[in-house]
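Sequential numbering from 1287 applies to the sequence shown in the numbering used here.
The hints are simulated quantities; they were obtained by calculation from the structure and are not laboratory data.
Glycine included, every Cβ here is placed at the ideal spot set by N, Cα and C.
Careful, some of the hints might be misleading.
[Said to hold, decoys possible] Pairs of lysine-lysine residues, derived as DSS-like cross-links and limited to a Cα-Cα distance of at most 27 Å, are as follows:
| no. | residue 1 | residue 2 |
| --- | --- | --- |
| 1 | K1391 | K1373 |
| 2 | K1337 | K1391 |
| 3 | K1391 | K1367 |
| 4 | K1373 | K1337 |
| 5 | K1337 | K1367 |
[To be verified] Derived CB-CB ranges, DEER-like:
| no. | residue 1 | residue 2 | range |
| --- | --- | --- | --- |
| 6 | V1290 | D1377 | 44 to 54 Å |
| 7 | Q1295 | T1379 | 52 to 62 Å |
| 8 | N1288 | K1391 | 12 to 22 Å |
| 9 | Y1384 | G1325 | 47 to 57 Å |
| 10 | R1357 | I1298 | 16 to 26 Å |
| 11 | P1319 | D1291 | 17 to 27 Å |
| 12 | G1289 | S1326 | 49 to 59 Å |
| 13 | Q1369 | P1312 | 36 to 46 Å |
| 14 | G1340 | V1290 | 51 to 61 Å |
| 15 | D1291 | D1377 | 38 to 48 Å |
| 16 | R1313 | K1367 | 21 to 31 Å |
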Amino acid sequence: MNGVDWMAQRIIAAANRDLDPGDAPPRFNPRPPGVIREGSATQQVLQFLEKHTGRYFIRIQIVRATGCSERAVDWALLFLKAQQRIKAVEDTTRNSRYLRYGIAKEGEA
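Could you build the full structure based on these sequences and the hints that come with them?
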């Protein structure tokens, strides 16, 4: 629901006296949590990984491919892992503390 729809609903409800004066109207949040915003680093990281489904990349490869800052990519990877949209596996060729990232299959993340 966008801001215009929300405002229209509030006006209609007030005109119909559907609102109880004691109830506080719910506040409109233009940036709800858990939503990937258009053009964000998170969206760019997700699109890059989806484009290369089945492959795993180290963090610096994702930074270079997306053109985003290292910190933005770090936060994007954390968010996408928490949302179970991507999977992180140990990079056994280097060290187990390093991770490689790829798209998670259904029920795998």
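Are there hints from earlier that the structure breaks, and if so, what are their numbers?
-> 8, 9, 10, 12, 13, 14
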